[in-house]
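**Student:** Using the hints provided, position chain B relative to the given structure of chain A.
If you're matching them up, the sequences are chains A and B in order. Under UniProt numbering, the first residue of the first sequence carries the number 1, and numbering increases by one thereafter. Under UniProt numbering, the first residue of the second sequence carries the number 1, and numbering increases by one thereafter.
Warning: the hint list may mix true and false statements.
[As the list claims (entries may be wrong)] The list that follows gives simulated cross-link-like pairs (lysine-lysine, DSSO-like), each with its CA atoms no further than 30 Å apart:
#, chain 1, residue 1, chain 2, residue 2
1, A, Lys111, A, Lys18
2, A, Lys203, A, Lys311
3, B, Lys203, B, Lys311
4, A, Lys239, A, Lys311
5, B, Lys311, B, Lys239
6, B, Lys338, B, Lys311
7, A, Lys85, A, Lys111
8, B, Lys18, B, Lys85
9, A, Lys364, B, Lys311
10, B, Lys338, A, Lys311
11, A, Lys203, B, Lys338
12, B, Lys338, B, Lys364
13, A, Lys85, A, Lys18
14, B, Lys239, B, Lys203
15, B, Lys18, B, Lys364
16, B, Lys364, A, Lys364
17, B, Lys338, B, Lys239
18, B, Lys364, A, Lys311
19, A, Lys338, B, Lys338
20, A, Lys239, A, Lys203
21, A, Lys203, A, Lys338
22, B, Lys18, B, Lys111
23, B, Lys203, A, Lys338
24, A, Lys239, A, Lys338
25, B, Lys364, B, Lys311
26, A, Lys338, A, Lys364
27, B, Lys311, A, Lys311
28, A, Lys364, A, Lys311
29, B, Lys111, A, Lys18
30, B, Lys111, B, Lys85
31, B, Lys18, A, Lys364
32, B, Lys203, B, Lys338
33, A, Lys338, B, Lys311
[Unchecked claim] Which stretches of chain A does chain B cover? Using the computed rule of at least three CB atoms under 8 Å from a CB of chain B, they are:
#, segment
34, 17 to 31
35, 172 to 182
Hints are computed from structural coordinates only; laboratory data are not their basis. All C-beta atoms, glycine included, are put in the ideal place defined by N, C-alpha and C.
There are 2 protein chains.
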Amino acid sequence: MGHPMEPFMREAMALAEKGRWHAAPNPTVGAVLVHQGAVVARGWHTACGQPHAEVECLRDAARNNVDPAECTLVVTLEPCNHHGKTPPCTQAILEAGIRNVVVGFCDPNPKAAGGADFLRGHGVHVETGILEQECRDQITDFLTWVATPLPYTILKLASTLDGKIATRSGNSRWISGPESRARVHELRRRVGAVIVGGTTFRKDDPQLTCRLDETDGALQQPLAVVITSQLPNVPESFKLLRERPEQTVFWTTDDAAQSRAAEVLRERGCTVMALPSTADTTHGARDIAHGLAWLRSHHGCLYTLCEGGGKLALTMLELGLAQEFQLHMAPKIMADSKAPGLFDGRNPATMEEVLGLRMTATEKSGDDVIITLRRREELCSQD
Amino acid sequence: MGHPMEPFMREAMALAEKGRWHAAPNPTVGAVLVHQGAVVARGWHTACGQPHAEVECLRDAARNNVDPAECTLVVTLEPCNHHGKTPPCTQAILEAGIRNVVVGFCDPNPKAAGGADFLRGHGVHVETGILEQECRDQITDFLTWVATPLPYTILKLASTLDGKIATRSGNSRWISGPESRARVHELRRRVGAVIVGGTTFRKDDPQLTCRLDETDGALQQPLAVVITSQLPNVPESFKLLRERPEQTVFWTTDDAAQSRAAEVLRERGCTVMALPSTADTTHGARDIAHGLAWLRSHHGCLYTLCEGGGKLALTMLELGLAQEFQLHMAPKIMADSKAPGLFDGRNPATMEEVLGLRMTATEKSGDDVIITLRRREELCSQD
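If we strip away everything but chain A, and leave its shape as in the complex, we get (with noise of 0.2 Å):
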């Protein structure tokens, strides 16, 4: 059984959702008030800029009429104790005269900690590490952006039940449902860049636009980042091309770079550049979290949302440079083997030598479940 207080958690989790991509940079965070087993008052941070969950939580108890004073304060991430944009929350949770609070994860930034301590301090009953695991897998892009110069980076493929992402032929359309899809065009509508590998550019010839009904015509489309180190030669043959090359970021290599096709792509607007290359051989030869640092640092990208195809996928995975793996998975079976896949490249002799995630949630959409998974190198036990 799980500890008292983790219905309170899960519903301060269920708030900090609601700052989901307005949030950032900030963290996204929530926070309840529980008074005699009840949930009295709400608040979570809903964008950058605005009051902390906790300062928001306390005035939702100022609303509905109830002292703070009275209740256990429950929030997903420690209290700040340092003046930034707004006063620490340590401080507005002294004022109310909070005496209990129960924290989900402790912050790890040095400029944010410490508001446990000091809290406890001056005699509030601080508990925490309550669903510590979940409520840190929540913050996974703050702490990617505290940690890193990388923006967070959602992985999304799509796959049958046995794995396969389309037909030998190449038919894809669809494996997913209608219901995935649009969850696709609602993730290219919130990040700054989206990624494809060479191979998935030249098949598929992808818009990589968001084509939601319900976005107006004003809406902001992402960077299309296409990773090649083979340019296109007749760009006229290529939507990105032909219907937005000042969108189109080519990463390639130096003698690409300096060839005559990424001239031609120049001259229709597009970026071509070099990323430097590694001695790593595996993944491409090609660094990779170079292009994805320069996206954050040129064009301010705290999100990308990386589509395959399976090659790149996986250097993404093995590199950590994915802090999100969105897995689409359709209830339907391709049974044959000569059908391509989800990943190649690797030749495991052993269970042992996978490549192991951590599963976090699973969700039906539509007919399908979209399964996401995260490193285990971000277990809190490994901290």
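**Tutor:** Chain B in isolation, oriented as in the chain A frame:
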């Protein structure tokens, strides 16, 4: 939004599940009495020969000093209207003075049907079809027994995220985690027979026994059924034939069943039988349904478990002989196109030609997820 009685129906379904395995060959049924938005009495069909769920629920009401006449009865299956081992539940409902009944799935068995109409004829308000599909799926075993001479067959396979069942060198220990493997042993404890294909028999040399610590030595082990055209020539090299030949059955061709190898196996105590040939050469040309019906008629097997391999598994699904498919999926990536996959033998040209199933549940099992799938043909809307 769902029907307001859905939460109560879900509770009734959860109660019904407690009778799984024991209720056979009756359906698993659960019932609750609801008074002013709260469940005040609970019942389920605990075992064949015991009272039906409705009667158990009325007994619980009596224990709880609840007057059923003031309650709504929520029951997963249409109350029976015939005298079987027990008097008809419709009579008990009328005698209890219940005026409102909510039913999940209406029993298609002509012997049992008509309960709703009978109650309506006596002035009871009856609403049917609440969580109809879920309630139907819960009694697929019973519906199979009523409509066919077959046992209810569960197909279980384990794979990586990318649909691989072993490394290319054949290493499969272990794909799934200890919790999932324990689930398989629990299934083996419940079924009358475990069925595997010849390749699995030869490569894995399985025992196909339940090896749960908590079961006592007196455990009745399931029959082991091997479907193969190549009977083993060296029986001593197989665990099944060393350890429990009298519980081992071979389904084979006419020729093989009359061979010297068959004689040797019979001398050890095995059963060797020819399955009738069929015109259907795509499915091994053997009538597996005939063998399954024999397991039920000659051995009383109401449940069987098929553990692959992939060729047999595909046949079972294609022929509709597996009513339930449990895919135990581990959060691991093989990424080797030469490693064996879940299924093989088809060559669909378009996505329309792939074999489609219905996903009815996903459940965490340690680090794995267990995905339950059923046949599309079992959709209520297609009845």
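**Student:** If a hint holds in the structure, say so; if it does not, say that too.
**Tutor:** Structure-based check of each hint:
1. Lys111(A) x Lys18(A): Holds. Lys111(A) to Lys18(A) sits at ~25 Å (cutoff 30 Å).
2. Lys203(A) x Lys311(A): holds, 14 Å
3. Lys203(B) x Lys311(B): holds, 14 Å
4. Lys239(A) x Lys311(A): holds, 22 Å
5. Lys311(B) x Lys239(B): Since the Cα atoms of Lys311(B) and Lys239(B) sit roughly 22 Å apart, the hinted pair holds (cutoff 30 Å).
6. Lys338(B) x Lys311(B): Holds: Lys338(B) and Lys311(B) sit about 17 Å apart, inside 30 Å.
7. Lys85(A) x Lys111(A): Distance of about 13 Å is within 30 Å: holds.
8. Lys18(B) x Lys85(B): Cα-Cα ~21 Å, so holds.
9. Lys364(A) x Lys311(B): holds, 28 Å
10. Lys338(B) x Lys311(A): holds, 15 Å
11. Lys203(A) x Lys338(B): Satisfied, since the Cα-Cα distance of roughly 23 Å is no more than 30 Å.
12. Lys338(B) x Lys364(B): holds, 29 Å
13. Lys85(A) x Lys18(A): Status holds; Cα separation ~21 Å.
14. Lys239(B) x Lys203(B): Holds, at about 12 Å.
15. Lys18(B) x Lys364(B): Measuring from Cα to Cα gives roughly 19 Å; hence the hint holds.
16. Lys364(B) x Lys364(A): holds, 14 Å
17. Lys338(B) x Lys239(B): Satisfied, since the Cα-Cα distance of roughly 29 Å is no more than 30 Å.
18. Lys364(B) x Lys311(A): Roughly 28 Å between the alpha carbons, so the hint for Lys364(B) and Lys311(A) holds.
19. Lys338(A) x Lys338(B): holds, 10 Å
20. Lys239(A) x Lys203(A): holds, 12 Å
21. Lys203(A) x Lys338(A): Distance of about 17 Å is within 30 Å: holds.
22. Lys18(B) x Lys111(B): Given pair Lys18(B), Lys111(B) holds - Cα atoms ~25 Å apart, limit 30 Å.
23. Lys203(B) x Lys338(A): Holds: Lys203(B) and Lys338(A) sit about 23 Å apart, inside 30 Å.
24. Lys239(A) x Lys338(A): holds, 29 Å
25. Lys364(B) x Lys311(B): Distance of about 27 Å is within 30 Å: holds.
26. Lys338(A) x Lys364(A): holds, 29 Å
27. Lys311(B) x Lys311(A): holds, 28 Å
28. Lys364(A) x Lys311(A): holds, 27 Å
29. Lys111(B) x Lys18(A): violated, 52 Å
30. Lys111(B) x Lys85(B): holds, 13 Å
31. Lys18(B) x Lys364(A): With a Cα-Cα distance of about 25 Å, the restraint between Lys18(B) and Lys364(A) holds, given a limit of 30 Å.
32. Lys203(B) x Lys338(B): Status holds; Cα separation ~17 Å.
33. Lys338(A) x Lys311(B): holds, 15 Å
34. 17 to 31: violated (count 0)
35. 172 to 182: holds (count 4)
In the structure shown, a violation is registered for the earlier hints numbered 29 and 34, in ascending order.
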